[in-house]
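Colleague: Numbered per the working numbering, the sequence shown spans residues 1 to 793.
Worth flagging that the hints you see were computed from the coordinates, not collected in a lab. Every residue gets a Cβ at the ideal spot worked out from N, C-alpha and C, and that includes glycine. Hints should not be assumed to be uniformly reliable.
[Unchecked claim] The following label-pair restraints were derived from C-beta to C-beta distances:
| no. | residue 1 | residue 2 | range |
| --- | --- | --- | --- |
| 1 | 33 | 73 | 19 to 27 Å |
| 2 | 194 | 343 | 22 to 30 Å |
| 3 | 691 | 553 | 54 to 62 Å |
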Amino acid sequence: NNLTHKDSVFTLEFSALNFQMAEENQYAYRLLGFDSEWIQAGNKRTATYTNLDPGDYIFEVRASNNDGVWSDKQARLNIHIASPFWRTWWAYILYFLIVMMLFYWFMRIQRMRLRYEQQQVEQERSLVRRLQQVDKLKDEFLANTSHELRTPLNGIIGLAESLLDGLNGPLPTHTRYSLRLIAASGRRLSALVNDILDFAKLKNQGVTLHKKAVDLRVLVDIVIALSRPLVGDKPLTLHNRVPETLPAAHADEDRLLQILHNLIGNAVKFTHEGSITISAEVKDEFIQVQIADTGIGMNADQLTDIFQPFHQIDGGAERAYGGTGLGLSITKQLLELHGGTITANSTPAEGSVFTFSLPLCQELPAAPDDTVQAPVHSLDETPTGQLNETRRTRADQPSQGHILVVDDDSVNRLVLVNHLALRNYRVTEAANGEEAIALVQEQGDIDLVLLDVMMPKMSGYETCQRLRETYRPHELPIIFLTARSQTQDLVMGLEAGANDFLTKPISKEELLARVDTHLQLYSATQLLDRKVAERTEELRAKNEGLKQAQLELQKAYKKLEEASLSDPLTGLHNRRFLSKSMGADISLVEREYQNWLFSNQASGEDEIRWPLPKDHDLIFMLLDVDHFKWVNDSYGHSAGDKVLEQLSRLLEEVLRDSDYLVRWGGEEFLIVARFCSRAEAPEMAERIRVAVAQYVFDIGNGQQLHKTCSLGYAVYPFYPQVPNMLSWEQVVNTADRALYAAKKSGRDCWVGISSKPGASLRLNPAADDNLDRLRARDAIEIESSVDSEMVKF
1 NNLTHKDSVF TLEFSALNFQ MAEENQYAYR LLGFDSEWIQ AGNKRTATYT
51 NLDPGDYIFE VRASNNDGVW SDKQARLNIH IASPFWRTWW AYILYFLIVM
101 MLFYWFMRIQ RMRLRYEQQQ VEQERSLVRR LQQVDKLKDE FLANTSHELR
151 TPLNGIIGLA ESLLDGLNGP LPTHTRYSLR LIAASGRRLS ALVNDILDFA
201 KLKNQGVTLH KKAVDLRVLV DIVIALSRPL VGDKPLTLHN RVPETLPAAH
251 ADEDRLLQIL HNLIGNAVKF THEGSITISA EVKDEFIQVQ IADTGIGMNA
301 DQLTDIFQPF HQIDGGAERA YGGTGLGLSI TKQLLELHGG TITANSTPAE
351 GSVFTFSLPL CQELPAAPDD TVQAPVHSLD ETPTGQLNET RRTRADQPSQ
401 GHILVVDDDS VNRLVLVNHL ALRNYRVTEA ANGEEAIALV QEQGDIDLVL
451 LDVMMPKMSG YETCQRLRET YRPHELPIIF LTARSQTQDL VMGLEAGAND
501 FLTKPISKEE LLARVDTHLQ LYSATQLLDR KVAERTEELR AKNEGLKQAQ
551 LELQKAYKKL EEASLSDPLT GLHNRRFLSK SMGADISLVE REYQNWLFSN
601 QASGEDEIRW PLPKDHDLIF MLLDVDHFKW VNDSYGHSAG DKVLEQLSRL
651 LEEVLRDSDY LVRWGGEEFL IVARFCSRAE APEMAERIRV AVAQYVFDIG
701 NGQQLHKTCS LGYAVYPFYP QVPNMLSWEQ VVNTADRALY AAKKSGRDCW
751 VGISSKPGAS LRLNPAADDN LDRLRARDAI EIESSVDSEM VKF
């Protein structure tokens, strides 16, 4: 009745005992709960079942005889198949517990994973926030640092330019070159700072465009004019091929100028020769602009990244072209803000072509003589009436001046006219440069011009240049009206001939103040011109008298100068003359000796073998009249003066015209033999000594005297190998020691002190107390007209 589990296999055997010939009986069986119909088994007496599900079953068997009569009796057997142990209730409880444990473990693992992922996400968020903060701090640092850099940069550039302009007087050529490099580097750094600021603004969406109709050809003219200094000496030409009939672009004027500056500036930087051509055409609803150059070009790999921030074609440490790599990135972003695009095509060594597009504006602003549309008319109607009323109320006052207002925008002109009417100025309007030039020439009485920079067909710069061909700045003041305040724009305007600048939007007070100032200057200039014309004739007459007086003063000054440099008794030079004149001679001597030393060093020899420079020595010789005091004591001072005068004439005859003869003091004379050889000194000293000894001095009253003299000399440079070791004053002092040695040695002789050839003792003989010691050490050489061993110091 009980089977263990469903996987068991069992066989049921049965037989009909109450039938005869049981072996011939037929059987049928069924298992209720499993079989739905009787199973005919024939005479087979077994039934086999396999893998029955657990539960209760009833096995039924019936038999029939060989006649086919089935018995109505059925044998039944109750069968119970027990469940396997893994399907019992306690097994299911165990399964449930295991499942719950697994579910708990799974949920715990999921919670741990979720917690870990949340921690990771939080860390990533914290890192992102930190990176965002760092990025923001970086942008703020770039912007703030760039702003702070502007002040010292302007100072550096301004100071360098003021020094170049001669603030502290003339500068050497190499100094001016260095200052120009400083100013150029400062301007380059200033441009980089501006690029960084623009990059930060674009990154933070801080750029607002003020779009209007813009004449592209005029802007290209302006950028080409501003870019010409970048060309320098390169054989490079810039061509504006933008058609004059090209419709206006719908763009921000300042930002479009920046775009053109970046692209044309890049073309100039990378093009060494050839040309840069700017052309434009209308394509669909856009203006397509091309900037083609014949520069170094780029390969295909370089073209893919040129619009990325901080990307440079030559990014190596030894790159030939500088820059931050922001220009093209800023250009691309600005064009995208306008709704345009930019592309580049290039071939290495042949050049590049940058193509960008801008939205098209169908027509330029209407000219002032065109019919004004209804909205504009309603806007202008009331101000015009107010203007006429203002003019009527001030009709009794005289006009303060005639002003020409030139602007292509009729609203801007009306604003200026209204402001100027407050001061009762007479105002004439012009809508473009050609009309303004024609009005100035026709009317002839315009006192001042207010000129807009950005105008169609002809820019304000070109208009100003055309006017300056006829009128100088003081003859016709011109004030530029511009929305740009960049330094290069101001400089270009002033170079074009403008007197002043007004930045839009224009303040009424500033406009009136500047106009009043320039008109006052204009009136003062006109008055001065008349005054100058009146005074010119008077000054011309007086000038002739002044010239004559000046010539007389020059003669008198020359005489005074000669007197200040001369000795009043002998007429010879004095010490002041010598101090004034020796500088140039000393410089020539030192330069010659330095060249001589350099030539010896270049020869590579240890010892100096070259001969000394010829005829480049200065011989300083002091002469003293022997026993001159006796002449004054015996014959009087007038006799002594006559001796000195005659001695002066004698020395002038003995010496060369190029030599200096100086009365050194009392009866002493200094002779400077210029540009001769030191070997000539003994012969010169002896010639002078003999000439004085043989001369007969006439002291008056039929009396005559014979006098002798003592001489001492030294040669400059004293040490040839170190030319500037002793100054010429020290050499004179050495000659003075030689003079006193001659006096101690019996007078009527001469003594010379010089250095030994190749002497290494660099001492000053004039300051050494014991010259005999120096002579014993072969540091100096003593020459004399007497026995040199008998010379006493």
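Colleague: Indicate, hint by hint, whether the structure satisfies it.
Modeller: Taking the hints in turn, this is what the structure says about them:
no.: 1; hint: 33 to 73: 19 to 27 Å; verdict: 21 Å, holds
no.: 2; hint: 194 to 343: 22 to 30 Å; verdict: 25 Å, holds
no.: 3; hint: 691 to 553: 54 to 62 Å; verdict: 42 Å, violated
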